[in-house]
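Work out the full structure, taking the sequences as your base and the hints as a guide.
Chains E and Z, in that order, are what the protein sequence lines are.
Heads up: the first sequence begins at 1 in our numbering, then just goes up one per residue.
Heads up: the second sequence begins at 1 in our numbering, then just goes up one per residue.
To be clear, the hints were calculated from the coordinates, so they are not data collected in a lab.
Where is the CB? At the ideal position from N, CA and C, for every residue including glycine.
Do not rely on the hints blindly, as some may be mistaken.
Unchecked claim - Simulated DEER-style distance windows between Cβ atoms:
#, chain 1, residue 1, chain 2, residue 2, range
1, E, A306, Z, F260, 32 to 40 Å
2, E, G161, Z, V48, 18 to 26 Å
3, Z, L236, E, G161, 51 to 59 Å
4, Z, S38, E, A159, 15 to 23 Å
5, E, F304, Z, T9, 44 to 52 Å
6, Z, G55, E, W219, 54 to 62 Å
7, Z, F41, E, D206, 41 to 49 Å
8, E, P165, Z, T9, 22 to 30 Å
9, Z, E63, E, V38, 36 to 44 Å
10, Z, I233, E, G71, 34 to 42 Å
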Amino acid sequence: MTVLKQQQTSGSRSETRRRGSPRGSKWTPYLFLAPAAVFILVFQVVPLIQEIFLSFTRTSLLNPTRSTWVGLDNFTRIFGDEDFRRTLLTTFIYVIVCVVGAVGAGLAVALLLNKGFRGRGWARALVTIPWAAPGIAVALIATWMLNPDYGIVNRFLDAVGLGVPGGAILDSPTYALPAILATTIWQLFPFTSVVLLSALQSVPPDLTEAATVDGAGRWWTFRAVTWQVIKPTIGLLAILMTIWSLRRFELIWLMTKGGPVGATETLVIDLYSEAFDSKQLGSAAAIGMVGVVVSLIVVAGSRFVARAAEREAR
Amino acid sequence: MRPLRIGLTLRILGVLVVLGVAVFPLYWMIVTALSSNSDLFAEKARLVPDFSQFGVFIDALAEGKALGWLRNSLVIAVGTTVLSIGLGIPLGYALSRFSFWGKAIVTVLLLFTQMLPEALMVVPLFSLFRRFGLLDSLGGLILVNSAFVLPIVALILKGAIDGIPRALEESARVDGARPLTVLTRINVPLIAPSIAATAVIAFFHAWNEYVFAVTFIFTPGKQPASVGIANFIGELGTPIQTVMAVAFMFTLPAVVFYLFAQRHVVAGMTAGAVKG
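This is how it looks when you write it as structure tokens:
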């Protein structure tokens, strides 16, 4: 009986909705987004709040339901720790070199592929391969190529007389980070170059032509015309690369686990080993929060700079 | 005429070098898989694959473990694709076509969650999953992977719906169609290319995912290929040819699909990640 009644009322309601407002009732958007919102709430927002809470407590992985509130202790402790300051420095180096390397290499490749030539479609497609390859597979093949005894990289370096003594690049505090950076940039440059290539194709050819006719050199044309058009894209890519680099885990974890002696330890690696090796969930959460705050500052800061630049341009 | 030639030659050389750098590691994966032991550990490296060794691929599959991994990865990836797109389409539609209280909050949340590293969320999600009995199950991984890929999926689809003229919807509404019907009959077919692109993103997000899989799965038979392959690193028991053969079978689908969807995927990722 009640069911019947409900059906009747809901039927008449939808009829009035049809006549009254063609966009449905004011609840319609909420009905559309509710499933996704619940999902994000449960699997992202709630865990994040828990993690923020954890960062103010001392909690052991072995007994995670028991937390002792310690206030800002975790933060003062990690910032007082020399190893953590080194992790911060490594993270900044990693992020900055990734951003500059990936955007720079991407731009170079995009400029190379921007002119028409036979087989450009193929070249464009093949260049995407590193980005399409799963990170796990990349870590595996990179580790094998860098194998001290049989790795092709060492064989090559030995052959040209640049061999690293002993050949153990990933075990060397000096060479491990550069090797990981090279692998990361290798994986990222296809993405940046495809994005920049489509930006370059929106550069009006009349403009570059006009500049050349006016006697402008190539470099000047690039700076005055091309660079102006692709500048927003470069900025966008820089932000994306920063966020991705601050998040990147498995490539570093599988290649070096942050070693040797912390030489490749970024914030995310540090947080994971703090949680699962040292079993300190509280300080692990604090380390993670530092990373999230850095991301936020970068994004907010870049928006601020972009807005200021816009105002100046007006 | 002369300087033009030189410029062109340099350009072609440059392109060839870039292609070599891009393709070599994957090529090397194949060469390693298709090498005999004596070639592999010889004084001088063999630089071309030895196709007489092709049996390694069949052996790797026949042994059974790898096939199970790939099957688990496929289940997780298909589930994640279906769930994240199923949730992403209505969310993208709501963000694109309606103005409502809380819209800004949702948008900011979608952008913000993209900054959260998986490694940070793994601890609280572990206790959440334990409470709901979701540990050690492929379904649990589908849920968590969908949650992580949903923001980018929803934002890409929102952008795609933004590009469809509203007039198309208006006429359907005049004919009395309800919002859900409008969405499924009018919008969804029109944004099919974007749905395909997000499907590729979601599928391979789950296919490649490692942190949650390695932490939440205990039964070896439930491991996806990402965990299985990662366990090869630093392990000495399995012949390197088998390792590379499995890794290659794991890599190939990702590369093939990305080649097809490349343009849409890249455009979507930049648009969805920042513009919102």
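So, going through the hints one by one against the coordinates:
no.	hint	result
1	E/A306 x Z/F260: 32 to 40 Å	34 Å, holds
2	E/G161 x Z/V48: 18 to 26 Å	25 Å, holds
3	Z/L236 x E/G161: 51 to 59 Å	30 Å, violated
4	Z/S38 x E/A159: 15 to 23 Å	20 Å, holds
5	E/F304 x Z/T9: 44 to 52 Å	46 Å, holds
6	Z/G55 x E/W219: 54 to 62 Å	56 Å, holds
7	Z/F41 x E/D206: 41 to 49 Å	60 Å, violated
8	E/P165 x Z/T9: 22 to 30 Å	38 Å, violated
9	Z/E63 x E/V38: 36 to 44 Å	42 Å, holds
10	Z/I233 x E/G71: 34 to 42 Å	40 Å, holds
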